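Peer 1: Residues per chain are reported as follows:
Number of protein chains: 4
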Amino acid sequence: MPGIPPARYAYLGPEGTFSEQALRAIPAAANAEQIPCVSVADALDAVRRGEVAAALVPLENSVEGSVAETLDELAGGEPLQIVREVLLSVSFALMVRPGTSLGEIATVTTIPHAEAQVRQWLRSQLPAAKFIAASSTADGARAVAAGDADAAVAAPLAAERYRLEVLSDDIADHPGAVTRFVLVSKPSPPPPTTGADRTTVVAFIADDHPGALLELLTEFAVRGVNLTRIESRPTGVGLGRYCFSIDAEGHIAQERVGEAMAAIRRLCADVRFLGSYPTADGSTPGERKGTSDLEFTDAAAWVQQLRTTGPA
Amino acid sequence: MPGIPPARYAYLGPEGTFSEQALRAIPAAANAEQIPCVSVADALDAVRRGEVAAALVPLENSVEGSVAETLDELAGGEPLQIVREVLLSVSFALMVRPGTSLGEIATVTTIPHAEAQVRQWLRSQLPAAKFIAASSTADGARAVAAGDADAAVAAPLAAERYRLEVLSDDIADHPGAVTRFVLVSKPSPPPPTTGADRTTVVAFIADDHPGALLELLTEFAVRGVNLTRIESRPTGVGLGRYCFSIDAEGHIAQERVGEAMAAIRRLCADVRFLGSYPTADGSTPGERKGTSDLEFTDAAAWVQQLRTTGPA
Amino acid sequence: MPGIPPARYAYLGPEGTFSEQALRAIPAAANAEQIPCVSVADALDAVRRGEVAAALVPLENSVEGSVAETLDELAGGEPLQIVREVLLSVSFALMVRPGTSLGEIATVTTIPHAEAQVRQWLRSQLPAAKFIAASSTADGARAVAAGDADAAVAAPLAAERYRLEVLSDDIADHPGAVTRFVLVSKPSPPPPTTGADRTTVVAFIADDHPGALLELLTEFAVRGVNLTRIESRPTGVGLGRYCFSIDAEGHIAQERVGEAMAAIRRLCADVRFLGSYPTADGSTPGERKGTSDLEFTDAAAWVQQLRTTGPA
Amino acid sequence: MPGIPPARYAYLGPEGTFSEQALRAIPAAANAEQIPCVSVADALDAVRRGEVAAALVPLENSVEGSVAETLDELAGGEPLQIVREVLLSVSFALMVRPGTSLGEIATVTTIPHAEAQVRQWLRSQLPAAKFIAASSTADGARAVAAGDADAAVAAPLAAERYRLEVLSDDIADHPGAVTRFVLVSKPSPPPPTTGADRTTVVAFIADDHPGALLELLTEFAVRGVNLTRIESRPTGVGLGRYCFSIDAEGHIAQERVGEAMAAIRRLCADVRFLGSYPTADGSTPGERKGTSDLEFTDAAAWVQQLRTTGPA
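Protein chains in written order, with our numbering: chain V, 528 to 839; chain U, 528 to 839; chain R, 528 to 839; chain W, 528 to 839.
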């Protein structure tokens with residue numbers, strides 16, 4: 528469409544990483560300009576500065592856990608909002624310059640996060656190889672191509688890009704690993720409810736009295752809102768001071784989720800809402816009796832009647 | 528005021544009972560017509576039929592506990608509403624026909640509820656006397672006057688009325704007993720909040736799964752609403768099937784009370800609201816951080832903003 | 528058996544009451560001497576003084592609720608122990624002197640507890656009849672025989688005994704009412720576990736801070752011990768000060784029940800154990816995963832090992 | 528002492544890291560042989576193989592949070608035990624080859640974990656500098672000395688070792704950052720209670736039903752055991768499947784901690800005890816009424832008496 532520039536999407540680069548692969552799963556990004564960034568912070572700041580429409584960053588991995596940098600960058604700074612999530616099967620390959628054999632590998636490079644996922648394999652297959660930390664899996668592949676390391680652990684995509692040879696495919700210690708990416712944009716009205724939604728929020732406990740987390744969880748539980756992820760993160764002011772990054776089933780537009788959000792807002796020193804968006808796998812939450820929107824609005828109407836006209 | 532008949536108030540009679548004494552504590556009833564009824568059920572039915580403006584009935588006693596008949600009559604039938612409570616110090620006297628000495632007492636009469644409160648005294652002072660159940664403390668005094676019993680345990684007021692002699696005053700085993708009466712009228716807008724209010728409600732558990740009561744209490748607790756009385760009552764359909772009569776601190780017009788009421792409405796098979804009214808002793812509830820009306824409305828506004836415009 | 532006097536059993540008399548009928552359901556009492564007492568207190572004191580082997584007293588009724596006198600007499604005084612329970616279907620009959628017709632009944636007598644269970648029937652069938660409180664259902668029948676009242680509401684057994692005529696059978700407002708009686712003896716080792724047992728206990732809250740009852744219930748819930756009855760009773764020191772009479776599923780000899788009992792002992796100002804005994808209806812509690820005796824002892828052994836030798 | 532080899536201690540190397548600095552705080556390690564290891568896994572495996580008496584590894588940092596590799600290595604494999612903790616103030620310095628000025632720095636290297644702690648500083652002072660991931664802070668310093676990068680963020684100790692010049696001291700975004708290290712050995716009887724102890728444990732939820740974490744926390748809370756850290760970690764079998772790494776106040780030898788440990792053992796699919804050991808800062812837990820060792824043993828004795836002789 529002449530005159531209208533295509534949307535731009537940032538991702539955790541460089542090219543050839545899993546993030547780029549995940550971005551391809553988003554139709555709107557297919558024809559858009561894709562901007563690789565050197566860090567999650569850079570990708571999110573590009574959103575904040577309005578340079579890109581959205582950024583795709585990894586949030587958690589089924590083996591390695593949460594991506595601390597993403598959690599922390601979303602928890603602080605100018606508010607951002609998750610509008611979508613993408614699940615990507617993560618398959619690591621061991622790649623070398625063409626001709627290198629397994630026995631010739633003295634050094635292996637990748638990011639520590641990936642190294643942790645293939646550690647058992649490396650111990651058994653390359654017990655003598657030395658690990659060199661890379662700044663991304665793709666950069667590890669680049670380093671191998673440049674002769675700075677003998678082998679890289681990276682996405683198969685990177686082998687193509689850097690003309691490397693895959694010696695062994697799917698070497699993760701836990702096969703079937705999945706990484707969850709989130710598409711982050713500037714604040715805007717949340718996408719509509721689909722019936723299969725997730726809400727992400729960061730809760731800063733008011734004071735670290737014993738039982739504060741128990742109280743927080745209880746506010747969700749009494750309203751029938753299930754949590755699918757809870758991650759403590761330090762607030763930076765000392766050991767033992769945490770905030771909690773939480774994924775809850777449901778959408779802020781739903782009564783039970785809205786009331787639970789309001790409750791933790793009252794309970795906590797601060798709450799940052801990070802978005803309500805469709806679940807990538809379409810999983811729908813179970814709904815406990817008494818927690819449907821209809822039951823919430825009926826009960827609220829009943830209370831309103833009691834207040835104005837008394838019991839009927 | 529010519530042309531306007533005075534209001535009529537029913538009470539648990541006959542004349543000379545503690546209920547009549549309590550009714551005098553209500554200024555509006557002082558110049559009104561006072562109608563003694565033979566039972567709590569009769570007094571409340573007089574309200575339901577519109578024959579009286581309100582009825583004063585006993586709800587609980589600090590020694591003998593709840594008055595089951597009152598709880599059950601309020602929990603069923605046409606809805607009624609508590610608009611006021613009255614506390615009355617209950618002082619029992621042993622009264623006889625003039626000239627009777629302690630040693631001559633072979634039979635003592637009063638209502639079982641009162642007998643229970645002076646049992647230790649009777650055991651030690653009149654170990655051989657036989658107890659005859661009366662239908663009211665005043666009727667016991669009348670029976671003594673008629674020669675059907677030797678002594679009655681009743682309110683001092685009854686001695687005057689039936690020309691009996693008080694042999695011993697204040698004979699309750701637990702001195703300082705207090706009875707709480709409630710003034711019950713037809714449904715109407717609750718009296719305004721005073722800052723020192725109580726809300727009474729009956730909750731019918733949805734199904735008797737283990738932990739149902741725990742869930743009920745948790746709904747109040749998470750919203751900072753304290754309970755001052757909870758009483759289980761059978762629903763009549765079998766052992767182990769109960770409803771709960773509950774007094775909570777605060778007024779239905781308060782956000783935390785309203786949300787708690789809506790929550791138990793969603794949780795329970797049925798909830799009957801019995802009124803929000805000032806506490807007789809002016810006791811004000813403590814307010815837990817995060818549960819003021821302002822905090823509730825602020826949090827609700829925040830959620831509303833998230834729903835419509837996203838995080839700010 | 529010559530030389531050995533038969534055991535003596537007390538019950539809430541007089542003869543002809545439901546208590547006597549319930550006592551017959553206990554084989555050991557069939558050939559024993561049966562002693563009617565004028566009150567629950569008298570029956571229990573007879574046990575305390577060693578005059579009888581045990582006393583059978585009513586604890587609760589499926590329509591009228593707990594029998595306050597029984598709860599209070601068990602909660603105070605010298606310790607006693609429930610060793611058995613009996614369930615009795617309670618069927619009330621309206622009885623008159625032979626020849627009296629329904630239209631001739633001006634006065635009806637029974638105990639208030641029974642009157643409450645037939646109130647609807649009386650209102651519709653005998654709207655003009657006056658109620659006279661009796662001290663027992665049997666005594667009401669005796670009064671009718673003596674001409675002091677026109678009709679009595681009592682157990683059919685009483686009609687036989689006092690040669691009255693039953694005008695109407697089974698007049699209870701809630702058909703199928705059941706009364707639960709307990710057999711009480713002096714403290715002794717509890718009867719062995721049967722797999723279908725109940726434990727009765729009285730808990731005196733340490734201080735009436737909000738949430739004390741919630742804490743109490745949580746101690747049972749976390750250990751998978753279900754409660755089948757909980758009743759608040761005033762402690763006599765003022766409105767708002769309660770103790771709780773509790774029935775829990777299971778036997779003190781079971782690990783989960785024992786640990787829960789120890790927990791409330793630590794939590795409360797005082798706890799009075801009233802016995803573990805077989806349920807009359809053979810109902811067996813569900814057993815939540817992780818709460819069997821085996822799991823308790825395995826876990827305790829594991830902790831003991833950690834303490835002495837560290838993790839294995 | 529001739530004939531007895533000195534104890535050997537492993538630490539997360541290479542030399543010049545914060546781990547080495549922390550190891551010096553342990554008197555027993557001062558004269559021992561100190562073995563740098565290339566990873567936490569290597570350090571812990573050295574303990575498992577018996578090559579060293581113990582290993583010192585970082586567990587969490589007040590800014591960057593838990594060290595995932597340490598949590599995961601302790602949660603799996605042959606059981607190990609924490610016997611001590613060390614707190615170390617973490618102060619980062621920017622170091623260069625002598626003569627390099629701030630304006631000449633084009634590349635900065637350190638471990639990502641450290642980069643995250645100085646990110647704001649780098650953004651404002653060296654906005655154009657490119658970040659190169661190193662495998663340790665000390666290795667970053669080595670790389671600068673070798674000319675592979677212009678500046679390193681590392682412990683001041685590393686500047687000495689690699690003859691670098693400190694351009695700026697204490698550049699962390701959150702001054703006062705603290706890292707907590709744990710000394711890990713093979714299983715053995717835990718060190719004795721000091722009154723200021725901590726217990727570390729990993730709990731594998733039995734099934735991921737909603738509320739499983741709430742149940743887990745409740746088991747600690749009802750026994751008055753406070754948690755000072757809780758960290759979810761994926762179990763590797765899929766998104767949404769977690770275990771929890773937990774620090775609790777108190778010592779396994781204490782009754783309340785032992786009972787809580789037994790409770791989660793019964794509740795969870797698996798529990799791994801990682802040790803009870805003195806807190807580094809001597810912080811003593813508050814003790815809630817009813818949870819002292821004396822109250823636990825008294826209550827247990829009371830239950831035992833009930834079981835054998837009945838109520839006294």
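Hints listed in this document are in silico derivations from the structure and should not be mistaken for laboratory results.
Treat the numbers as computed from the prediction; the structure is a model and nothing was measured.
Incorrect hints may have been included.
No copy labels: a pair is met if it fits in one copy or bridges any two.
Said to hold, decoys possible - Quick list of in silico lysine to aspartate or glutamate cross-link-like pairs, EDC-like style, CA-CA up to 16 Å:
| # | residue 1 | residue 2 |
| --- | --- | --- |
| 1 | LYS713 | ASP569 |
| 2 | LYS657 | ASP734 |
| 3 | LYS713 | ASP797 |
| 4 | LYS657 | GLU742 |
| 5 | LYS713 | GLU578 |
| 6 | LYS816 | GLU742 |
Peer 1: With reference to the structure, classify each hint as holding or not holding.
Peer 2: Verification of the supplied hints:
For the homomeric pair LYS713 and ASP569, the shortest alpha-carbon distance inside one copy (15 Å) is at most 16 Å, but the shortest distance between copies (43 Å) is not. When the C-alpha separation of LYS657 and ASP734 is checked against a cutoff of 16 Å, the pair qualifies neither within a copy, at 45 Å, nor between copies, at 39 Å. Proximity of LYS713 to ASP797 under the C-alpha cut-off of 16 Å is found in neither arrangement, the shortest distances being 20 Å within a copy and 42 Å between copies. Taking the shortest alpha-carbon separations for LYS657 and GLU742, neither the intra-copy value of 47 Å nor the inter-copy value of 44 Å comes in at or below 16 Å.
In this assembly of identical chains, LYS713 and GLU578 lie within 16 Å of each other by CA distance solely inside one copy; the values are 11 Å within and 54 Å between copies. In this homomeric assembly, LYS816 and GLU742 come within 16 Å of each other (Cα to Cα) only across copies, at 13 Å, whereas the closest approach inside a single copy is 22 Å.
When held up to the earlier numbered hints, the structure conflicts with 2, 3, 4 and fits the remainder.
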